[in-house]
Amino acid sequence: MNKKAIFFIGSALSSISNSASAAYELNLKPPVTEIASQIYDLHMTILYVCIAIFVVVFSIMFYSIYKHRKSVGHKAVQFHEHHMLEVVWTIIPALILAGMAVPATKTIFAMKDTTAADMTVKVTGYQWKWEYDYIDKDVRFISTLSTSQDEIDNKSEKGENYLLEVDNPMVVPVGKKVRVLLTASDVIHAFWVPEFGIKQDAIPGFIKEVWFKVDQPGVYRGQCAELCGKAHGFMPIVVEAVTEEKYNAWLVAKNEEAKTAAAGSDKEWTKDDLVAQGKIVYEKNCAVCHQANGAGLPPAFPAITGSKIALGPVFGSDGKYLKDGHIDRLLNGKGIMPAWKAMLNDVEIASVITYTRQSLGNAATVDPVIQPSQIKASR
Amino acid sequence: MSENTKNYYVPAPSFWPFIASTALFLMAGGFAMMLNKIATGKPLMIAGALIFAYLLFGWFSEVIRESVGGLLNKQVDKSFRWGMGWFIYSEVMFFAAFFGALFYIRNVSLPWLGDAELLWPGFAGTWPSAGPAIKEAFTPMAAWGLPAINTLLLLTSGVTLTWAHWGLMKNKRNQLIIGLVLTIALGVIFLFLQAMEYHEAEFTIKTGVYGATFFLLTGFHGLHVTMGAIMLTIILLRVLKGHFDSHNHFAFEAVAWYWHFVDVVWLFLFIFIYWL
Amino acid sequence: MSTTTTTHHDDHAHGDHGHPTGIMRWVTSTNHKDIGTMYLWFSLFMFMFAGALAMGIRAELFQPGLQLIKPEIFNQLTTMHGLIMIFGAIMPAFVGFANWQVPLMIGAPDMAFPRLNNMSFWLMIPAAILLLSSFFVPGGAAAGGWTMYPPLSIQGGLSTDMSILALHILGVSSIVGSINIITTIFNMRAPGMTMMKMPMFVWTWLITAYLLIAAMPVLAGALTMLITDRHFGTHFFNAAGGGDPVLFQHVFWFFGHPEVYIMILPAFGILSTIIPAFSRKPLFGYASMVYATAAIAVLSFVVWAHHMFTTGMPVAGQLFFMYSTMLISVPTGVKVFNWVATMWKGSLTFETPMLFSIAVVFLFTIGGFSGLVLAILPVDIQLQDTYYVVAHFHYVLFSGAAMAIMGGVYYWLPKWTGHMYDEKLGKVHFWITTIAFNVTFFPMHFTGLAGMPRRIPDYSQQFAEFNMISSYGAFALGLSQILFIYIVVKCIKGGEKAGAKPWDGAEGLEWTVPSPAPFHTFETPPVVK
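Heads up: the protein sequence lines correspond to chains E, V and H, in order.
Under our numbering, the first residue of the first sequence carries the number 167, and numbering increases by one thereafter.
Under our numbering, the first residue of the second sequence carries the number 9, and numbering increases by one thereafter.
Under our numbering, the first residue of the third sequence carries the number 1478, and numbering increases by one thereafter.
Isolated chain E, as found in the complex (with noise of 0.2 Å):
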């Protein structure tokens, strides 16, 4: 027996005799804003009345099925009509739905108002990440699952939050009405944060509006809820919900972060610097689909290790990059292969290029060293 199968076997009993210390959560998670409580209640009263219907009908057959078995010698009575009978049990039914409709439309209403917002965020969805763009405040950036590989492979113990954390999260401040504009980039994402009661397909092409208003400050974790390919489920949503003040002071942040970034494009970086920055990208970002040994998933992922892009010339005599070519690859994308010029920055895309041509098996002698410098020149 392998060491897999030994561990798997081990977990398994191990939770078993976990289980009684841990929540066997039996209902929607605790609704945070106006909408998510609203959905909660309207999910409660659908579930007793149905319940109740549940209980009659069913308390009818079981006594039928007591009373009325031939071995007990219950001789069959003929009948198989009853007009006033069929004409009840059709009306009545119809009368509870036209209540159970009326609050129900209510909150369709009350969802669907995306006017009079305080704040807009434009929310992308990729193949697998969030792209979180702060429309008018110049704040924007990608949000990937921080996980790590080792515990969800059962190499490490699993965190608490695990596969439930990413490395930027969304914040926002409290109080305020949150109009999120969500499309992708791609295929369909959806965007979904249960405690807010919004889940919202994004879609390639086209905006749709969701908001949220949130009182209480928190962390509130979602994950993308439509088919996205096959990492869907590893694309976590996390909203931190937090006073107007420290709101200010993290938009603040960001926006002195994205200006260190791009001070680094016009440095110039040693081989060893890029590669070990690189490393940690590709991890990030490419490892996914290409795997982290660079043997990538054929056919659809082709492997780094040997591949003549990566080997390959990547300026041509012009000086401008070659179409298909390393530097063409990375910023437009092909195919399943996204267009990375809006996702990552100048030392990102250098650092990247530079650690496939560099590591994973390859050596490239032409072309051996990308400089941010470059990329920026190549936008």
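The hints are simulated quantities; they were obtained by calculation from the structure and are not laboratory data.
Misleading hints may appear alongside valid ones.
Far from chain H, by Cβ distances over 12 Å, these chain E residues were calculated [stated by the list, open to error]:
hint: 1; residue: I262
hint: 2; residue: V340
hint: 3; residue: P383
hint: 4; residue: K474
One-sided excerpt, in silico: chain H residues whose CB lies under 10 Å from chain E [what the hints assert, rightly or not]:
hint: 5; residue: N1552
hint: 6; residue: P1628
hint: 7; residue: F1786
hint: 8; residue: Q1795
hint: 9; residue: A1927
hint: 10; residue: R1931
hint: 11; residue: G1955
hint: 12; residue: S1957
hint: 13; residue: Q1958
hint: 14; residue: G1971
hint: 15; residue: E1973
hint: 16; residue: G1976
Where a beta carbon is used, it is the ideal one built from N, C-alpha and C, also for glycine.
Following the hints, put chains V and H in place on chain E, whose structure we already have.
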């Protein structure tokens, strides 16, 4: 053989269904391979299509032999009517899917794209459109040129077919043959003009949703006209062989229903693809 | 009802003694019973295959972390499990029932078009080969979900095309099969069998066949647009060219929702046959049952967008589809009330078919209620694409459709084989199936409410306990179906001889012919009084 016609005809065991399954397997498998640039795909597909053609010929010949041999009673005839009717209904739903897509694109998705200023600045979202990211200019097809002539052709062909049917009912053989020949000729001219229109079109199937809906809808319609014309030709051959009389000619009627259905589809195409 | 039958008019080669034997009997068959048998075996094979895929899914989900199955393979498993169960297991099983029972129940000598009937079956085979072999092509099987939403399905490789073309072939098969069934029912009823005297199972299949003829071509349209978008440069589902990915969803679900009823109406028909038989009393409210079935069918064409509440439709659209969806629970409720009223004051016995039927009424109603919860749009916003939905559609499709199929198999096995099945083993199968099913799927309501998305290979630890319970249930559920196969095979091989009418409360023409039913029945139509 009078005893047979009393009972509903249950045919003897037959190989045709299995051959049909083989033909479709080769066609579908070959097509999938061809789409993914696997060299063996094309020959497989052609083999499948040949088997399919053989199948149609063989199976229909067998049914015709049964019909001419008097094995099929009134009830079987009625089954054929039900069957053909429901088949045409399924075709109606097939076209409905494409028309639905056309209406959705024209009335729902294009206006939405026009409103999405953040993503597609300056895009108007009005029909006809090739979408916000396809910049090439194109000229949409005008209704009152070839398409109007084509409409007349198909409408006339409906009339000539009905005239041929009257000929059949009244045992006027010449009227029947001339009517059929005229109908087929009108269909062929229609197809020829349609091919000319495709040839001269200033856009392709890749020209956004306009090109896509235009070519898919008119293309599938054209395919149906082609099938209809082939079926009419077979009916003509059977007429020449003397297979039908004024009471017993469901095959003729079935093809006529089909032809009128294709006519009606064209009217919708003319209105929603070319005109409005 | 009285019948006159058994005189043979076989002066050409289709008599009992004239048909080919061995493999040729099946390949060239024009006999509705043989074709029905082939459908049922095919369905059973696909059921076990797709069930095995589900075992893979549940093994990976047994606990958090990635253990056995890589995420990309996991997506192939969920996609193919859905496609094969729907198109390979449930639908062919019902067509198998229709083949066997419809001609027997209406007193017809065979289906209206026996050769086309065999073609409908034999088209299943190339489709199955395309689907199953797609696991072995480069890149593996289709992994974009059984709904094949673009743009994700545009990214797929060869296997996606194989699946699309397989569905095209299945569509042809279904349409031809349905035309056959509809024509048989309209045109081949025995003298005296008016529409409102037809057995309920025949009625439900008549309406199902109509739904198939109307819905399958629409699926063909959606798939055609998908394939041209994939390979011929059209932009139906691409905003850059003015299209919309959501357009596919609209066209797909215009097929997809009637499809849901295609998979449940024949099950209703089976229940409406079995429950009166073991209650020893006629079906309550036959007429209202017919109207309710028709109402469900009509409504099924105007509720499709409730699968798309999170796509961001305008308010008017959302309201329309919420109201119409809620409305559908009225005729469905009528059916449940009618079954309970049929049992009321009957003389009930609980043979295996009856046990399955009662369980279906009970469990399907749970699925119906969770459907009502999902119909409330704001609640659906929370539950869309979670395990709650997975629970919901397994309660209607497994404990609705699949368990009704099992009940139907037990009910008619004596007629088909001439032997009684092993009643004790049948009951064991019933109880294990029912308990394991609930252990598997009931906790999914909770994981869904608590926020676990569907179609994920790994999940956060808060869902660990319920997932493990579900997995244990699933393994038991899967294993118990091997017992089902054993019981069926045992019944075919031998067992207590069954009389023409082994169930004392059973009604209908099929019980007037001997068991097993002779190769040809009702060559001269019986007269129904």
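Status of each hint after checking the structure:
Not every beta carbon of chain H lies more than 12 Å from that of E:I262, the smallest distance being close to 9 Å; the non-interface claim is violated. Under the 12 Å C-beta cut-off, the non-interface status given to E:V340 relative to chain H holds; the minimum distance is some 22 Å. For E:P383, the requirement that its beta carbon stay farther than 12 Å from each beta carbon of chain H is met, with the minimum near 21 Å. In this structure E:K474 is separated from chain H by more than 12 Å, as the shortest Cβ-Cβ distance comes to about 19 Å.
Of the supplied interface hints, the one on H:N1552 holds, with its beta-carbon coming within about 6 Å of a beta-carbon of chain E, less than 10 Å. A hinted interface residue such as H:P1628 counts as satisfied when its beta carbon comes closer than 10 Å to some beta carbon of chain E; here the least separation is about 5 Å, so the hint holds. About 9 Å separates the beta-carbon of H:F1786 from the nearest beta-carbon of chain E, less than 10 Å, and the hint is met. Checking H:Q1795 against chain E by beta carbon gives a least distance of about 6 Å; that is within 10 Å, so the hint holds.
Satisfaction of the interface hint for H:A1927 is found here, the shortest Cβ-Cβ separation to chain E being roughly 4 Å, below the 10 Å cut-off. The beta carbon of H:R1931 is positioned within 10 Å of a beta carbon in chain E (closest approach about 8 Å), and the interface hint is therefore held. The closest approach between the C-beta of H:G1955 and any C-beta of chain E is roughly 18 Å, which is over the 10 Å cut-off, so the hint fails. Annotation: H:S1957 was flagged as interfacial toward chain E, and the flag is violated, the nearest CB pair being 22 Å apart, outside 10 Å.
Interface restraint check for H:Q1958: the shortest CB-CB distance to chain E comes to about 24 Å, outside 10 Å, so the restraint is violated. The interface hint given for H:G1971 is broken, as the beta carbon of that residue sits about 28 Å from the closest beta carbon of chain E, more than 10 Å. Among the interface hints, the one on H:E1973 is violated; its C-beta lies about 20 Å from the nearest C-beta in chain E, farther than the 10 Å criterion. Because the smallest distance between the Cβ of H:G1976 and any Cβ of chain E comes to about 19 Å, over 10 Å, the interface hint for this residue is violated.
Hints 1, 11, 12, 13, 14, 15 and 16 from the earlier list are contradicted by this structure; the remaining hints agree with it.
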